[in-house]
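Residue numbers (my numbering), protein chains in the order written: chain A, 1 to 759; chain B, 1 to 167.
Treat the hints as calculated values from the structure; they're not laboratory data.
Cβ coordinates follow ideal geometry from the N, Cα and C atoms, glycine included.
Hints may be right or wrong, so weigh each one.
Covered stretches of chain B, going by a simulated chain A footprint (3 or more residues, C-beta under 8 Å) [what the hints assert, rightly or not]:
id, segment
1, 5–19
2, 41–55
3, 73–86
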Amino acid sequence: MASNYRVIGTRPIRPDGYGKVTGKDQYGADTFLPGMLYAKVLRSPHPHAVIKRIDTSKAEAFPGVEAVCTGADFPTVTSDEAIDSGEETISARFMTALSMANHKVYYKGQPVAAVAATSPAVAAEAVGLIEVEYEPLPAVDDVLDAMKPEAPLLHGDLYTERLTGEEKRPSNIAKHIQQSRGEIEKGFAEAEVIVEREFNTQMVHQGYIEPQAATVQASPDGRLTVWTSTQGAWQIRTQMATILDMPEGRIRVIPTEIGGGFGGKFTPYVAPVAAVLSRKTGRPVKAVMKRSEVFQATGPGSGGYIRLKMGAKRDGSIVAAEAFIAYDAGAFPGSPVGAACLTGLSPYTIPHLKIDGYDVVTNHPRVKAYRAPGGTPMGMAVESVVDEIAVELGMDPIDLRLKNAVGPGDRMTNGVAYNSIGFKELLQAIKEHPHYTAPLEGEFVGRGVACGFWTNGSGTSTVHLNFNPDGTVNLIEGSTDIGGSRASMAMIAAEELGLDLSEVRPQVSDTESLGYNDGTGGSRVTYATGVAVYRACKDALNELKSRAAILLEVDEAAVTFSGGIFRAGAAKEIRIQDVIKQLGKTGGPFEARGVSGSLQRAPAFGASLADVKVDPETGKVQILRWTQFQDVGKAIHPAYVEGQLQGGAVQGIGWGLSEEYSFKDGHMLNPSFLDYRMPTALDLPMIDTHLVEVPASDGPYGVRGVGEVCIVPPPGAIANAIYRAVGVRMTELPMKPECVWRTLQTAQQEQVSETSQAG
Amino acid sequence: MAGKVPVRLCVNGSEYEILVEPRQTLLEVLREEIQLPGSKEGCGNGNCGACSVMMDGLASNSCLILAVQADGKEITTVEGLADGMQLHPLQQAFLEEAALQCGICTPGFLIAANSLLKKNPDPSEAEVRHHLAGNLCRCTGYDKIVRAVLKAAAAMRAESSKEEVSA
Numbered sequence: 001m002a003s004n005y006r007v008i009g010t011r012p013i014r015p016d017g018y019g020k021v022t023g024k025d026q027y028g029a030d031t032f033l034p035g036m037l038y039a040k041v042l043r044s045p046h047p048h049a050v051i052k053r054i055d056t057s058k059a060e061a062f063p064g065v066e067a068v069c070t071g072a073d074f075p076t077v078t079s080d081e082a083i084d085s086g087e088e089t090i091s092a093r094f095m096t097a098l099s100m101a102n103h104k105v106y107y108k109g110q111p112v113a114a115v116a117a118t119s120p121a122v123a124a125e126a127v128g129l130i131e132v133e134y135e136p137l138p139a140v141d142d143v144l145d146a147m148k149p150e151a152p153l154l155h156g157d158l159y160t161e162r163l164t165g166e167e168k169r170p171s172n173i174a175k176h177i178q179q180s181r182g183e184i185e186k187g188f189a190e191a192e193v194i195v196e197r198e199f200n201t202q203m204v205h206q207g208y209i210e211p212q213a214a215t216v217q218a219s220p221d222g223r224l225t226v227w228t229s230t231q232g233a234w235q236i237r238t239q240m241a242t243i244l245d246m247p248e249g250r251i252r253v254i255p256t257e258i259g260g261g262f263g264g265k266f267t268p269y270v271a272p273v274a275a276v277l278s279r280k281t282g283r284p285v286k287a288v289m290k291r292s293e294v295f296q297a298t299g300p301g302s303g304g305y306i307r308l309k310m311g312a313k314r315d316g317s318i319v320a321a322e323a324f325i326a327y328d329a330g331a332f333p334g335s336p337v338g339a340a341c342l343t344g345l346s347p348y349t350i351p352h353l354k355i356d357g358y359d360v361v362t363n364h365p366r367v368k369a370y371r372a373p374g375g376t377p378m379g380m381a382v383e384s385v386v387d388e389i390a391v392e393l394g395m396d397p398i399d400l401r402l403k404n405a406v407g408p409g410d411r412m413t414n415g416v417a418y419n420s421i422g423f424k425e426l427l428q429a430i431k432e433h434p435h436y437t438a439p440l441e442g443e444f445v446g447r448g449v450a451c452g453f454w455t456n457g458s459g460t461s462t463v464h465l466n467f468n469p470d471g472t473v474n475l476i477e478g479s480t481d482i483g484g485s486r487a488s489m490a491m492i493a494a495e496e497l498g499l500d501l502s503e504v505r506p507q508v509s510d511t512e513s514l515g516y517n518d519g520t521g522g523s524r525v526t527y528a529t530g531v532a533v534y535r536a537c538k539d540a541l542n543e544l545k546s547r548a549a550i551l552l553e554v555d556e557a558a559v560t561f562s563g564g565i566f567r568a569g570a571a572k573e574i575r576i577q578d579v580i581k582q583l584g585k586t587g588g589p590f591e592a593r594g595v596s597g598s599l600q601r602a603p604a605f606g607a608s609l610a611d612v613k614v615d616p617e618t619g620k621v622q623i624l625r626w627t628q629f630q631d632v633g634k635a636i637h638p639a640y641v642e643g644q645l646q647g648g649a650v651q652g653i654g655w656g657l658s659e660e661y662s663f664k665d666g667h668m669l670n671p672s673f674l675d676y677r678m679p680t681a682l683d684l685p686m687i688d689t690h691l692v693e694v695p696a697s698d699g700p701y702g703v704r705g706v707g708e709v710c711i712v713p714p715p716g717a718i719a720n721a722i723y724r725a726v727g728v729r730m731t732e733l734p735m736k737p738e739c740v741w742r743t744l745q746t747a748q749q750e751q752v753s754e755t756s757q758a759g
Numbered sequence: 001m002a003g004k005v006p007v008r009l010c011v012n013g014s015e016y017e018i019l020v021e022p023r024q025t026l027l028e029v030l031r032e033e034i035q036l037p038g039s040k041e042g043c044g045n046g047n048c049g050a051c052s053v054m055m056d057g058l059a060s061n062s063c064l065i066l067a068v069q070a071d072g073k074e075i076t077t078v079e080g081l082a083d084g085m086q087l088h089p090l091q092q093a094f095l096e097e098a099a100l101q102c103g104i105c106t107p108g109f110l111i112a113a114n115s116l117l118k119k120n121p122d123p124s125e126a127e128v129r130h131h132l133a134g135n136l137c138r139c140t141g142y143d144k145i146v147r148a149v150l151k152a153a154a155a156m157r158a159e160s161s162k163e164e165v166s167a
């Protein structure tokens with residue numbers, strides 16, 4: 001099909017690429033200022049303890065140390081106000097505790113003091129001289145243990161939040177979410193096949209390669225300038241203002257380039273500490289985390305326990321589903337269990353539903369968003385059970401899903417109706433894909449499929465366009481570019497203005513040079529910031545049309561615009577570049593603006609198709625072939641859309657096969673990239689992608705966000721492939737060799753005992 | 001603190017004579033003293049490869065090398081890959097193939113791939129994957145990186161055969 005577009009759907013070189021391949025772009029740790037000091041944070045060695053005493057005198061006297069700070073130097077924040085932290089909100093008092101503890105520590109690695117010194121080495125040596133006396137408390141290390149009434153309490157003032165009934169006793173259960181539809185008992189009574197499974201998953205880390213970093217300069221007039229790598233400059237501003245109890249307008253956040261985030265870089269972990277130290281010294285202070293600090297003291301993705309029971313009729317219609325989901329929030333409330341309740345079962349039309357979700361605190365690091373936050377563990381559970389039903393019924397797994405798949409007008413588990421979605425089209429595309437029917441040869445090999453759903457975000461974006469005397473355009477956006485979004489924004493502008501991509505220069509703004517922007521998360525940038533670009537272009541064309549009318553000496557109403565040319569009748573025309581060049585003659589410079597907000601959601605469906613080989617001797621699973629499917633609405637820059645699918649798939653593969661926080665009594669045992677095992681190039685085949693384009697209901701071109709849903713299906717696809725390879729159902733993540741091996745051994749022993757009983 | 005030690009480094013073709021602390025890594029000296037922050041610290045213990053530099057022709061994790069160990073060595077960082085305004089074929093291929101998203105690991109991958117292509121101008125996909133296994137990328141899933149390296153290798157082979165013909 002011929003494209004209606006000139007720029008959209010092509011694969012140009014991204015405008016910001018040159019700085020990145022030549023090493024010139026500045027990332028979080030690349031801020032160097034005259035007179036700069038280096039901060040180092042002292043972190044709690046205990047997962048749960050009362051701070052009895054801190055003595056900083058030796059550190060203060062150490063040569064090269066310019067300032068020391070503790071919780072006493074931070075404002076006391078007691079408010080429970082929900083503060084915007086990018087893809088979630090967090091209670092003000094708990095958010096503050098992520099930057100600096102006061103009186104009590106709730107997880108290993110929580111900051112208790114910090115030093116600013118003339119070099120990183122001096123700072124590191126000096127924090128070792130700070131004396132802290134702790135009274136250790138018993139640590140809560142597991143979600144189900146934490147839910148028990150006799151469990152040690154993290155917070156004496158935390159009461160379970162639920163719609164009905166008031167709690168009288170404090171608890172580690174911060175929230176209980178309930179969703180239901182129909183009558184669950186009736187549903188299971190109608191079912192002819194029922195499958196029930198329990199799943200256990202662990203915390204995982206986003207694994208961005210760039211550690212958190214911030215440099216802060218305090219000014220005598222009370223202002224702060226913050227250079228930091230973040231997914232949301234405006235969210236950093238809001239959170240720092242809360243933590244430091246100061247007006248937002250006095251903080252300027254200048255976002256640097258960002259070395260990955262995946263949901264984990266919305267929180268100012270070290271920036272408030274650098275701010276306090278800069279205030280004490282008057283000098284710029286840089287704080288950069290080490291990798292072990294990133295693992296232990298930033299927000300990983302949640303793990304937890306899921307029990308899922310689903311029932312279907314012989315014809316394949318799923319009639320009932322009941323889920324118990326307990327997610328680990330870490331030290332403070334706020335796990336993404338709500339998203340698990342919403343997204344896991346929403347792909348299917350299930351008349352009878354009962355979902356209970358629990359947000360549970362433990363003495364682990366406080367979780368943060370991680371790509372489709374909350375979606376992946378629940379996706380693994382649902383897609384495994386659906387696959388098992390297909391096997392029980394002797395149905396093709398895609399046919400079973402097609403029979404139950406939601407379409408426009410069907411409802412999510414929370415009752416909200418879907419607008420335009422492409423789940424059925426996606427399933428059909430899998431069925432017709434050569435990978436699905438390709439022969440699979442050899443011993444211990446299997447093919448698995450799994451799907452995933454994500455609501456996607458929208459939110460607010462602001463875009464300005466201004467114009468250069470050479471006829472080119474500057475595009476100012478507030479969305480951090482984390483993976484090529486400058487390219488897609490410039491492409492939308494070039495498309496609408498009839499310009500060449502090289503004539504549009506995109507730039508990411510700081511918080512003082514542009515209106516408010518939500519962060520780069522929730523798969524929202526290409527969608528919502530794209531809408532803002534589109535509207536800014538319409539705004540620009542309105543004004544440029546009147547300028548063209550002056551230059552063409554016609555009435556504005558007679559002017560039309562297409563393909564970059566303003567025309568009045570057959571004889572008179574002028575290129576948009578020539579109108580821009582002559583703005584000075586036609587009334588002077590102007591700025592065009594576009595703002596997006598209140599857009600409908602543009603939900604995303606994705607799927608993974610995996611061929612694996614299992615080594616029964618070791619339990620090691622090898623990925624032989626992989627195809628990632630997704631309804632992307634409309635791919636603006638297909639190469640970067642594919643890149644999102646490939647990257648998301650591989651994060652999902654890592655989650656599926658090797659990645660986990662290994663805890664013992666609240667201590668993470670593997671806080672390094674050596675022991676926290678992310679996939680390398682050697683572990684993987686090429687990741688094929690297949691883009692389905694079902695236009696979204698709102699916004700230009702039918703664009704949907706593409707970043708997140710791709711991480712949801714991979715673990716389920718791998719688990720289903722393992723079943724088809726060796727006949728065992730995996731119910732734990734990661735499906736690391738020892739886990740697969742043990743499951744195979746247990747299955748063999750059961751078989752032996754069954755055979756001997758039968759004999 | 002121990003006294004500083006003089007070190008001579010040739011970085012991207014320029015000679016530097018500097019005083020370093022014995023405990024300072026080559027990465028820290030490149031970034032902080034010589035002001036070439038293109039090499040990145042992702043882990044500080046040799047697991048991610050973001051700090052990769054060429055040292056006397058070998059790709060090395062500069063976070064694991066003390067600056068004093070690099071005395072007298074020739075170092076190439078990502079800033080030294082391009083020939084002035086002329087991008088290295090690997091840099092060009094990474095741009096064309098969309099082989100970077102956030103870009104933080106890109107300097108390390110370019111250095112590692114360059115060291116592979118110096119030894120083996122015509123690597124297979126498996127050889128590229130094997131050689132790049134010491135570099136972590138969290139954005140791309142490696143697919144487009146592997147393709148970019150294979151494309152750059154082909155471009156470099158075509159270029160060198162052209163040179164042979166004209167010579």
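So, going through the hints one by one against the coordinates:
no.	hint	result
1	5–19	violated (count 0)
2	41–55	holds (count 8)
3	73–86	holds (count 5)
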